[in-house]
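Chains as they are written, first to last, in this note's numbering: chain A, 1 to 280; chain B, 1001 to 1308.
Hints are computed from structural coordinates only; laboratory data are not their basis.
For each residue, glycine too, the CB sits at the ideal point set by N, CA and C.
One side of the interface only, derived from the structure: several residues of chain A facing chain B at Cβ under 10 Å: (1) Asp13; (2) Leu28; (3) Val29; (4) Gly99; (5) Gly107; (6) Phe112; (7) Gly118; (8) Glu123; (9) Ala129; (10) Arg182; (11) Trp210; (12) Asn211; (13) Gly231.
These stretches of chain B come out as covered by chain A in the derived footprint (C-beta under 8 Å, 3 or more residues): (14) 1110-1119; (15) 1147-1157; (16) 1272-1281.
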Amino acid sequence: MAAGSIVGRSAGDRLILGAVILLAIVWLVPVVWVTALSFKPNAELMFSTASVLHPPYTLKNYTDILASSGVFRWLFNSAVVAAGTTAGTLVLSSLAGYGFARTEFPGRTLVFVLVLIGLAIPEQAVIIARHQIFSDLKMHNTYAALILPGLSIPFGVFLMTQYFKAIPRELDEAAMLDNASRFQIFWRVILPLTIPAQATLGIFTFLTAWNDYLWPLISATRPEMFTLTVGIASTQTNFAQSEGLGFLMAQAVFAGLPVFVVYLFFQKYIIRAVAGAAIR
Amino acid sequence: MREGRGLAAKSPARLRRRGAAIGPDWRNGLFVLPFLLVYLALLVYPLFRGMWISLLQFDMFDQTASFAGFTNFRRLLADRIFLGTVGNTVLFVAMTVPAFVVIGLALALALNREGRAGAVLRAIFFGTSVLSVTIVTIIWKMMYLPDRGLISGILGVFGAAPVPFLTSQDLALPAIAVCTVWWIIGLPMMLFLAALQQIPGELYEAAALDNASRWRSFVSITLPSIRRTLLVVVIYEIVAQFQLFGQALLLTKGGPNNASRPIVLFIYEQGFRDWNLGYAAAASEILFLFMAVAAIAQYLASRRRAEG
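This is chain B alone, in the form it adopts within the complex:
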């Protein structure tokens, strides 16, 4: 980077060295170094340190930690609250991801159009996803209030009794799922729209010449063409929804009776409320395992597509 300029630069030898500079040169690594340092210090090192912490037993009183092997993991697998959080998280993923795919794709198909109406509608559905979780949960806490909430109010018009969405063991998690779909739907919609716009129009023209029905061209042209995006959305959303945290903390605090407590909330409570650091770290390693599997699946899926 501090290469001298001057007469020497004009000599043929110097020019050849210049040419060589296109090849490997350790100084080019300096471009990457600043990021690499932050990356190693704050992502890679914590990853391994977290694995180490998960093998420790912390003593709250004299602030010491001792090596405990896999004790934390064994305890976790016998901890009914933790197992419950795994179940809740999987259930939450099972409720939200299909909604993201079906509603997201339906919206993308309907809004894949030129003109003002399409742009405005896209902006509306995407607009909610720029709000922070705090604002979204304030809004939905209000929607769900049994006595004064809008949903109970509307149900009341039809003579239904007020519904305690967030304090009912059966409804708390679905209520969080509805709020989440409202919040995030714009993202999958946009990903699908991007994919739809990659499909060459000639395919549809040919189908139209063959008098293919809308459904027919959807099944035999659209779906195969967006297969990769479909897969990416599914896996991306599985990973994203596995990280459910803010909505559960702010809407229900994981209740009632643990019915809506997800894994990350468990980690947060163990780690930063009860200071069971080893235990929390072990739980986060289990979460990491789930997500690593999903990430590998995503990598394999995109690679197979690239080759085929």
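Next comes chain A alone, as it looks inside the complex:
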């Protein structure tokens, strides 16, 4: 509690910190344990997982991943889908955010309210119809089908509108006196000022797209179009109770690693993104 920092670190404060450290260790146990299991031979795990505490250890589960299955294809698909969704969201949200926050056009308020209402529409309420639409267009099992629905979410527009509003108005007016067009003002003057917001929204969108499960599960039916999330899940049923436990654990570690690295690099921004969304 903030009060603690004022009266200094008391014994109670240290006790609380100790308790939280203990809890954090408990929180890490599942990840550490599963990582350790991924280095054990499958044959041993068939009977017991207690052997994780002593050798033999092996890299075979990981070399099996690299040799078999569509993991690399899925990894590539996830990267394309997450990058595409992120790029598209940033472009559309920046343009629309600028339009809403800094320009006037007939019907602006009405359109903005219409977009805000969209914040309350959950994916599940539209998923059957969305599936029909992409079926009608014969677009399932394409990258477009995996990316486009992610662009229809108004959250980014909302976030960018708030951010654009906070930039002083005089900047537009000064540029306007210099005869810059609206688009030039947006592109050269205002957009560069929003780089922190772009990073925040970008990372947020990337993680959401990378981890999405429901839509890719429905839209991508051919294994070569699976994303990593769907692909790894599709192999789960075959291994869960049987001989491939170590292999399955290695897949989890392998699939979790990229996103974890992204997290470690961009932690500051991710945390700010979440916090910023809270304050609004």
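Fit chain B to the given chain A structure using the hints.
For chain B alone, coordinates are given in the frame of chain A:
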């Protein structure tokens, strides 16, 4: 956007027109148009089309659909499996949301500190939430295995018999809830932390001068100051946990005996496994109704706060 530049721009008339460009101009709508098209095509139109589909009866054999009015809705309200999924979903929300609030707030209070220890601990608790549902469920399937799982192993040390968490009718849903709290707790924690950092330090200094106890300053300063975030977290998590899907599909497939089947899994199975599209769409409209109510509550809550 294609406004000409040149000599004309220097004339006073042109300058005045420039000034007018700050006012309404339909061309400014072009900034909004690209998003609006995607939004209308892939969110608004499907919303209404989904409502229409929910009134149709599909014939699997000759691939036709006929108007059926509210038949799907009437059938749903008499469908014990569907009603069971509503019950399961509400129960799941009732198990997870209080945990998110209590544990999330406790962690935020404990970790609202400067320095390395606080940062590392925050990163640990938030770190799990960047994992996808597939990875989280692989990890917890392993944790819950009755014979070789870590939890049964630890219980075994104390002489307890192995527990079949995911195949027990009473334990399946709570087991999914525990996994979910482990996965997502970082999010509410961060939201609370953001709110705590907005509280002016002078309030606590004044309380300290009055020799107020920690509990006292928590109740009379902290809680009132984060009231809005508290409400936002509660409603946001209700909406989010109402959408339970991946964990249930991947950990238990809704079993045993439907004990852990949530609404979205029902929609998914009806729509994309059994191809009862009208029926699935009707179920999704009922889910939408629940969530719309929550969204309106959230809007009213935040508005009242903004006015007051």
